[in-house]
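**Student:** Chains as they are written, first to last, in our numbering: chain A, 1 to 291; chain B, 1001 to 1324.
Read the hints as simulated data drawn from the structure, not as lab findings. Just to be clear, a hint being listed does not mean it is correct.
Derived pair list, reagent style EDC-like, types lysine to aspartate or glutamate, alpha-carbon separation capped at 16 Å [said to hold, decoys possible]: (1) A:K260 to A:E271; (2) A:K218 to B:E1141; (3) B:K1229 to A:E19; (4) A:K173 to B:D1237; (5) B:K1081 to B:D1104; (6) A:K173 to A:D115; (7) A:K183 to A:E271; (8) A:K42 to A:D66; (9) A:K81 to A:E253; (10) B:K1318 to B:E1049; (11) A:K283 to A:E271; (12) B:K1229 to A:E20.
All values reported here derive from a predicted model rather than from experimental measurement.
Below, each chain spelled out in residue letters.
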Amino acid sequence: MTTRYSFGGDEHIFVEVDEEMSLEAFFKSLSITKAVRESRIKGVTEICPANASYQIKFDPDMISPDDLLAELKNLEAAAEKSEAVLETRIIEVPVLYNDPWTHETLMRFRERHQDPESTDLEYAARINGFDSVDAFIAAHSGSPWFVTMVGFVSGLPFMFQMVDRPQQIEVPKYLRPRTDTPKLTVGYGGCFACIYSVRGAGGYQMFGITPMPIFDPKQEISYLRDFMVFFKPGDIVKFKPIERAAYDKDVAEVEAGRFKPLVRNFTFSLEEFHGDIDGYNKKIGEVLYGH
Amino acid sequence: MAIKVLSPGLGTSVQDLGRPGYYHLGIPISGGMDRYALRAANMLVGNDEGAAVLEAVFLGPELEFTQDAMVAVAGADLPPKVDGDQRETWTSFAVKAGQVLSFDYLKGGARAYIAVSGGIDVPLALGSRSTYTLGALGGLEGRNLLAGDMLPVGNASGAAAEGRSVSAKLRRRPGTPAELRMMTGLYWHRITEASGRRFFEDTWKVAPEADRIGYRFRSGHPLEFVERKPPFGAGSDPSNIVDSCYPYGSVQVPGGTEPIILHRDAVSGGGYFMVGTVISADMDLIGQLQPHTPAKFVSVDMAAALAARHDRQALLNKIRAALG
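Next up, chain B with everything else stripped away, as it sits in the complex (with noise of 0.2 Å):
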């Protein structure tokens, strides 16, 4: 069973869970960037959570099926159409052999995960699906779809009914503002007391340059650094470190201009400092801010990080209890 890619959209990728345990190496955990979507897909299909799906960003593709198959699409709001007959999101429904699958325009949100049931079957790198396109690693090739692309299908063992729904309270999506939950930390001390006030004060905007490697924001105030001697190799900008590691979440501030939240695709390291990290319950969150989207970062403490991870989990829970 194959999907024959009509139109791409923008930049469609395959995507999974992810590839763990090669960070060290420069080589990041890819995966969708909303994994709360990406797995209530793959529910609604009767897929094993993590099977590997289309993450579309803004725009969504066109693609013809060569056989049966039971599609779900969660996360943005972009209303998929078999044969033109619109279908609702976050509900699974019936493609047949020959139909084709394509999207009305984005109403909310960035990206939206389509899962078929056997799920996308590209072959493991290290050990995952995951579209790594800096890289060229994983997914179809190593890229984005283009027209043409032939995407192999795995076995449905059970595909779901039709007409499986998560409900509306379950669907999780940012607000307006978006709030980004963030622990300060890292070398959150290089900035002036005022300043880190005026950070978590500041309505920032999503940024254009916003991709699966990091989110930049615009709009808020500069900061002011705490006056040092440069360390040995830190390089002589205010906003230089000894190239370090980056945390999945953290934020940089090059400069002290613009701040950019590593995400999925996250460069591993480099010589910027980082003022904190968003918690991993916010992740999600990110991947489904349109540029020009206000956001504001909310200073939280590790218990209302744990708190916050612990609140995401009981929510999928419902849902697995509701389409299990």
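The shape of chain A in the complex, shown without the other chains (with noise of 0.2 Å):
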């Protein structure tokens, strides 16, 4: 990993931690994002980590972008060597896989794919080398994923799945974005997966879509009362496939103000992980059903 420094014009650090993904470059970004919140820098208006980089904003009429460069680089020293244990949450997402909303958005869309023939799910499916559709959504619910960034529209997670390199799931973007993606979609471009938080343009695959809000402006839903981003950085995801009775039963608890998603409170250890995946992975799995 080499840390490359960037300004983004007068009001912007960009700082890259790695060119490739990886959950130790997204842990790096975390640490460092986090020192430099704890640093209470003055001028430092916007903190972003994002998955294998993150983004200071700053106003160059407090700080000048040299000193502030300075300090962020110090900050990295020391987060070089912070041990990569996190205070988390683990969230179970149920998801109704090949559903009648987004197959119609990616029929009307066909053009636009790789594959016209097929959907998302199949080609998908063909090419990560899965004999079907439902081992693809066996593997894909199957592991746990990190939310290693939390942006491009209000309050979208981008995923990273937690296993070995060689079993991570990577598909292109749609050779031209859509125009119009349901809400709460379930996406996946590169080798993050994503939740699109509200209606609108996307180049992700689709596969399926989860009846949990993420993101409420109103803050009506009851677990958005609060603040209306549901998910943050670090946060641990666990897709859980549902079927159409389930769905629109989860739909109907949502409208009545009566769903409520179910999060359990996890430290999570980047060396333990590392050590021994499969295991990590099943414990996560306890933690959250509670057995």
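With the hints in hand, could you dock these two chains into one complex?
**Tutor:** What follows is the structure in structure tokens.
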């Protein structure tokens, strides 16, 4: 990993922790941005961790760009020595895979896809070497995922699969972005899963839909009353495949204000995870389901 | 006091100086695209510089006032009319209860800032009244104005006099071609030296896809990339990167063909490489560009960017001194 610093105009410093994606690069970005937040440097107005990079917005009338750059480099040196342990949450996200809404949408934009003859799920299963869509869904929902970035649009989580690199699912984005994506679509692009927080344009492959809202600007949904955005970087997500009946029931529960996401607190250790990935992921499942 | 929206214009929204602090969650700063004009319009009517105003793009709204107010329109050359009688831009004028404020056709620029004494008093959302339509947040129900809307207006504490004006030399606007000063960086190293030179030599044209999220440009040469092995997670296109944050003003070039400058309603991140960032002093100018306007990128360093920032601040100080 080689950290690269660049000014983004006179108001931003952009820091690429690594050119390629890894949990190590993400942890480093998270740990430096945490240190920046805690050091309360004057003139810093936005602190944005991303997958393998981070960005600071600042007011150059309050701090000189070179002084801030020097401070960030000091914090990087300190972050390298810190232990990769994270107090976080494990969250279950129910997913209706192969749902009628994303299916209707992907058929509408077929000419923008690499493989107009198949669906996004069929295409992703095939190019990742799975025998069937069911086997692909089993892999997608079988391991947990790290939220390594929140952004693009309001509260949208980017998620990185917690498996060895050879097993990681990879798919290209659409050849040309769609102008429409249903709200709460579970999507995929590059090595990242995402959940579209709002309806809109998008280029990620579409695999399914969750009944669980993750952004509510009106703050009316029971579990989004305190804050309108559900996810934060460092959250661990487990997808749970559900059938249409369960999906409809969850949607009704959300509308009635009774839906409560399954969430458990958890202390994640990167070292322990790498020591035994399968065993560690099993432990995450046990903490989530309480046995 | 309220204003009744008789017709909304093309995309008129409530904006103030924006909503900093939530970009790490994908909620952009929003606020007026031309903040220089927004501040000037507020000063003209005696408001705080950051009071909420209406940002009208290309076509003005038609507004019926239910009480007397002082109004000023700054930014684009969108001539205001009161009950059909023309008024000056960049100048305060009175509108009486029952009168209708409308606009003539756009004569220059793109966005007009309509300040009303007391400010547009929609509820604060995460500390700002700015409208972010993609997230349905802020403004009037998180959207642009519609016919029939009633816009609440705050109490004017010290409404200014009629006929206050910003002198012509203090009105900032882009030249022809528009020159947008930019600091190279971010992923500039991904393109060849020759391609980088051409990028600054080319005259670009504002594309029709130009809005509060970003401004797209056409007509220049496609960029030539330095060869590489795609980093894991970046994607196979040479313009792809592992999804990162996007600075405000950053210039991304998906597929190496059409540069997009991200503006106040920016998507906060994504997987396209960026060649640099337009400097803070020139962000206002972008908001005044119409589609098909010729534009050139001009390479500057940090010292020049900071000097330009101070020049802009000095101009605002002159308006403050003149109107204070």
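**Student:** Next, verify each hint and record whether it holds.
**Tutor:** Cross-check of the supplied hints:
1. A:K260 to A:E271: violated, 32 Å
2. A:K218 to B:E1141: Since the Cα atoms of K218 (chain A) and E1141 (chain B) sit roughly 9 Å apart, the hinted pair holds (cutoff 16 Å).
3. B:K1229 to A:E19: Measuring from Cα to Cα gives roughly 11 Å; hence the hint holds.
4. A:K173 to B:D1237: holds, 10 Å
5. B:K1081 to B:D1104: holds, 7 Å
6. A:K173 to A:D115: Holds, at roughly 12 Å.
7. A:K183 to A:E271: Judged against 16 Å, a Cα distance of about 36 Å means the pair is violated.
8. A:K42 to A:D66: holds, 14 Å
9. A:K81 to A:E253: violated, 46 Å
10. B:K1318 to B:E1049: Answer holds: K1318 (chain B) to E1049 (chain B) is near 14 Å, not above 16 Å.
11. A:K283 to A:E271: Holds, at about 14 Å.
12. B:K1229 to A:E20: Distance of about 11 Å is within 16 Å: holds.
The structure shown violates the earlier hints numbered 1, 7 and 9.
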